[in-house]
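K.L.:
Chains B and Y, in that order, are what the protein sequence lines are.
Residue 165 in this note's numbering is what sits at position 163 of the first sequence, and the numbering runs on without skipping anything.
Residue 224 in this note's numbering is what sits at position 47 of the second sequence, and the numbering runs on without skipping anything.
Source of the hints: derived by calculation from the structure; they are not laboratory data.
Backbone N, C-alpha and C define an ideal beta-carbon position, used for all residues, glycine too.
Check before you lean on any hint, since a few could be wrong.
[As the list claims (entries may be wrong)] With a Cα cut of at most 16 angstroms, we get these calculated EDC-like pairs of lysine to aspartate or glutamate:
1. B/Lys74 x B/Glu37
2. Y/Lys361 x B/Asp100
3. B/Lys74 x B/Asp188
4. B/Lys109 x Y/Asp467
5. B/Lys109 x Y/Asp377
6. B/Lys109 x Y/Asp363
[To be verified] Non-contacting residues of chain B with respect to chain Y, defined by C-beta distances greater than 10 angstroms in every case (computed):
7. Asn63
8. Ile66
9. Lys74
10. Asp77
11. Met81
12. Leu125
13. Glu140
14. Asp174
15. Leu187
16. Val189
17. Glu237
18. Glu240
19. Arg254
20. Ala255
21. Thr260
[Claimed, not checked] Restraint ranges, calculated between C-beta atoms of paired labels, are given here:
22. Y/Ala354 x B/His155: 16 to 26 angstroms
23. B/Ala65 x Y/Met314: 32 to 42 angstroms
24. Y/Gly374 x B/Ala65: 13 to 23 angstroms
25. B/Arg128 x Y/Arg198: 28 to 38 angstroms
26. Y/Pro438 x B/His155: 18 to 28 angstroms
27. Y/Val388 x B/Arg76: 35 to 45 angstroms
28. B/Leu288 x Y/Arg308: 35 to 45 angstroms
29. B/Pro272 x Y/Ala354: 41 to 51 angstroms
30. Y/Ala208 x B/Pro84: 41 to 51 angstroms
31. B/Ser45 x Y/Arg308: 38 to 48 angstroms
32. Y/Gly374 x B/Leu288: 32 to 42 angstroms
33. Y/Ile445 x B/Gly124: 22 to 32 angstroms
34. Y/Gln304 x B/Pro84: 26 to 36 angstroms
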Amino acid sequence: MTAVLTVHDLHVAIGRGGGATNVLRGAGLEVETGEVRGLVGESGAGKSMLGRAVLGLLPANAAITAGQITFKGRDLLAMREPERRGLLGRSIALIPQDPMTSLNPVKRVGAQIAGLLRHHLGLSNRDALERATELLAEVAIREPRRVLGLYPHEISGGMRQRVLIAMAFACDPALVIADEPTTALDVTVQRQVLQLVERLRQSHGAAVLFVTHDLGVVAKICRTMTVLHAGRVLEEGETADVLTRPRHPYTRALLAATPRADRPAEALRPVPPALIESLWAEAHRLDALSMARRA
Amino acid sequence: MADIALDSALTPPSRWTAALRRGGSRLWVGAALVGLLLLVALLAPLIAPHDPLEQDLMSAQLPPAWASGGEPAYVLGTDSLGRCVLSRLIYSARTAVAVALIAATLAAMIGITLGLIAGSFGGWVDQLTSRLIDVWMAFPPVLLSIVLAALIGAGLTSVIVAIVVVDWTRFARVVRAETMVQLKRDYAAAARVLGLGRADILRLEILPNLVPLVVTLLAVEMGIAILVEVILSFVGISVAGDTPTWGGMIAEGRQIVYQAPWIMALPIGCIIASVIGFNLLGDGLRLLLDPVQRR
Numbered sequence: 003m004t005a006v007l008t009v010h011d012l013h014v015a016i017g018r019g020g021g022a023t024n025v026l027r028g029a030g031l032e033v034e035t036g037e038v039r040g041l042v043g044e045s046g047a048g049k050s051m052l053g054r055a056v057l058g059l060l061p062a063n064a065a066i067t068a069g070q071i072t073f074k075g076r077d078l079l080a081m082r083e084p085e086r087r088g089l090l091g092r093s094i095a096l097i098p099q100d101p102m103t104s105l106n107p108v109k110r111v112g113a114q115i116a117g118l119l120r121h122h123l124g125l126s127n128r129d130a131l132e133r134a135t136e137l138l139a140e141v142a143i144r145e146p147r148r149v150l151g152l153y154p155h156e157i158s159g160g161m162r163q164r165v166l167i168a169m170a171f172a173c174d175p176a177l178v179i180a181d182e183p184t185t186a187l188d189v190t191v192q193r194q195v196l197q198l199v200e201r202l203r204q205s206h207g208a209a210v211l212f213v214t215h216d217l218g219v220v221a222k223i224c225r226t227m228t229v230l231h232a233g234r235v236l237e238e239g240e241t242a243d244v245l246t247r248p249r250h251p252y253t254r255a256l257l258a259a260t261p262r263a264d265r266p267a268e269a270l271r272p273v274p275p276a277l278i279e280s281l282w283a284e285a286h287r288l289d290a291l292s293m294a295r296r297a
Numbered sequence: 178m179a180d181i182a183l184d185s186a187l188t189p190p191s192r193w194t195a196a197l198r199r200g201g202s203r204l205w206v207g208a209a210l211v212g213l214l215l216l217v218a219l220l221a222p223l224i225a226p227h228d229p230l231e232q233d234l235m236s237a238q239l240p241p242a243w244a245s246g247g248e249p250a251y252v253l254g255t256d257s258l259g260r261c262v263l264s265r266l267i268y269s270a271r272t273a274v275a276v277a278l279i280a281a282t283l284a285a286m287i288g289i290t291l292g293l294i295a296g297s298f299g300g301w302v303d304q305l306t307s308r309l310i311d312v313w314m315a316f317p318p319v320l321l322s323i324v325l326a327a328l329i330g331a332g333l334t335s336v337i338v339a340i341v342v343v344d345w346t347r348f349a350r351v352v353r354a355e356t357m358v359q360l361k362r363d364y365a366a367a368a369r370v371l372g373l374g375r376a377d378i379l380r381l382e383i384l385p386n387l388v389p390l391v392v393t394l395l396a397v398e399m400g401i402a403i404l405v406e407v408i409l410s411f412v413g414i415s416v417a418g419d420t421p422t423w424g425g426m427i428a429e430g431r432q433i434v435y436q437a438p439w440i441m442a443l444p445i446g447c448i449i450a451s452v453i454g455f456n457l458l459g460d461g462l463r464l465l466l467d468p469v470q471r472r
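Go ahead and model the full structure; you've got the sequences and the hints to work with.
P.N.:
What follows is the structure, encoded as structure tokens:
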């Protein structure tokens, strides 16, 4: 197996100079061709930042201070802007977190999908709309032709998310980054969306980096997983191994804090504050060390 | 048969019907007033009962036809040189409409371009544009117009140039702010992930979202342009002296307002109706064009 995406020793800081805060502290992972890798962590762990760094979408005040990001053997960070833009949406796609706001409110669904196809694949308007109809049918939208003529506010949240999934897979990308795509949806729709991502991944042959805080979701669809905390990778491996034999105490604590059907609710234990404390202390010790090394 | 009947009963009103209903009475009244103004301006030679320059000193200062002493040949009476007031009002509409359409459109084009640039580049580009707008807006606009008209000479072109030079700031300010707001929305980030460059994002994603705003501004600006033209022609630095204008008519009527109040009252009525018409039309269009109906 070859790696589609390699992130190595990535450091990202927000702010400049003395007031800078580290959000990624040497995080690294590999996504192999066609696999689904889960990236798990609590909020603030830096999992979305990692996804954004790969897409070149870091906030204006954040900067990559060290590390490499390689896509299919090409260095993404050294790449020139136009070349990188050519990859985005074409070879690397994103399923965004919030389906309610990620579509342009004043453009019809059809125009948005067709625009993407025209831009990257050079299709004519007619061919693009034809292909858009097929794509919507593929994500189980009934009456795709009618939906193409609707504005985003005229369709439900679940449908919008399916449109965004169709757009992500539209150009047969090698890598799809799914940034908590189920968080904004209610539980019944979540399951359909997960099945859809899995089906499209198989039919389009894409690898997926699935960013989530939900271990249940990871267990369902990810072959491998990476556990992130305070911008560091604490544990990684095959999902089955990590979930049944967690090596890191944090992973163990996370699992104990996750509700399961085969366990009574009373068995749930929050992640011990002392553990979190010690992890952050470790992270800040690393920060001080790297500061000292640079000075 | 039953199926067909059911289908037609369930068909929702078409998008256009719904949009027109959304515009409400403001749209209709505004469109009627502006439409009437445009029609009058366009057909002036056909509908004016007299040559607006033709003097009939024997029947000077005639009151409107329905008042005592009025003559049916002069429906709205005559001015102090015996010229037909109705014909002069009709011909004045041509100047007003030409100034409103051309000046407002040019001001909008310049203002939107600069606003988009300032709003999307930020940094020193934004600082420079914003400070320029601030300084510009500190000048009293009418005074600036008078100075400009004095500099480049009187005439239709100078009136238009004066309005454009003064009023592009109105568009630039609003468009800059709205561009910044829209660029922060998720759909703009999503467009970047789809591989669009800055110019494409502004043109294809942001600009359509600015349309309702710009249309409202444009209509309001046309009303303002009419007012400025009136002011400039009132002080006598608009078009050449013998071309009838509402402002010129007010200036002439002012001297004999006690003997013949209609000569001054009628052009004022025309101005009020046109400005209200443009404002109502702008309001109505904003509601009509906005598919999300954010009121």
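K.L.:
Does the Cβ-Cβ separation between glycine 374 of chain Y and alanine 65 of chain B fall within 13 to 23 angstroms?
P.N.:
holds, 21 angstroms
K.L.:
Evaluate the condition: distance from the CB of threonine 260 of chain B to the nearest CB of chain Y exceeds 10 angstroms.
P.N.:
It holds; threonine 260 of chain B is separated from chain Y by about 28 angstroms at its closest Cβ, greater than 10 angstroms.
K.L.:
Verify this label for me: glutamate 237 of chain B is non-interface relative to chain Y, using a Cβ-Cβ cutoff of 10 angstroms.
P.N.:
holds, 29 angstroms
K.L.:
For the range 35 to 45 angstroms, tell me whether the beta carbons of valine 388 of chain Y and arginine 76 of chain B fit it or not.
P.N.:
Roughly 39 angstroms apart at Cβ, these two residues keep to the hinted range, so it holds.
K.L.:
Evaluate the given range 32 to 42 angstroms for the C-beta pair formed by glycine 374 of chain Y and leucine 288 of chain B.
P.N.:
holds, 38 angstroms
K.L.:
Could one say that the CB atoms of alanine 208 of chain Y and proline 84 of chain B fall in the range 41 to 51 angstroms?
P.N.:
For alanine 208 of chain Y and proline 84 of chain B the Cβ distance comes to about 46 angstroms; the hint holds.
K.L.:
Please verify whether lysine 74 of chain B and glutamate 37 of chain B have alpha carbons no more than 16 angstroms apart.
P.N.:
Holds, at about 14 angstroms.
K.L.:
For valine 189 of chain B, which was marked as not at the interface, is the minimum beta-carbon distance to chain Y over 10 angstroms?
P.N.:
holds, 22 angstroms
K.L.:
Does methionine 81 of chain B clear chain Y by more than 10 angstroms, comparing its Cβ with all Cβ atoms of that chain?
P.N.:
holds, 13 angstroms
K.L.:
Is the hinted pair lysine 109 of chain B and aspartate 377 of chain Y satisfied, with a Cα-Cα distance of at most 16 angstroms?
P.N.:
Holds, at about 15 angstroms.
K.L.:
Just to be sure I understand the hint, the distance between the Cβ atoms of proline 272 of chain B and alanine 354 of chain Y should be within 41 to 51 angstroms; is that true here?
P.N.:
holds, 44 angstroms
K.L.:
Holds or violated: are the alpha carbons of lysine 361 of chain Y and aspartate 100 of chain B at most 16 angstroms from each other?
P.N.:
Status holds; Cα separation ~14 angstroms.
Comparing the model with each numbered hint stated earlier shows that hints 3, 26, 33 do not hold.
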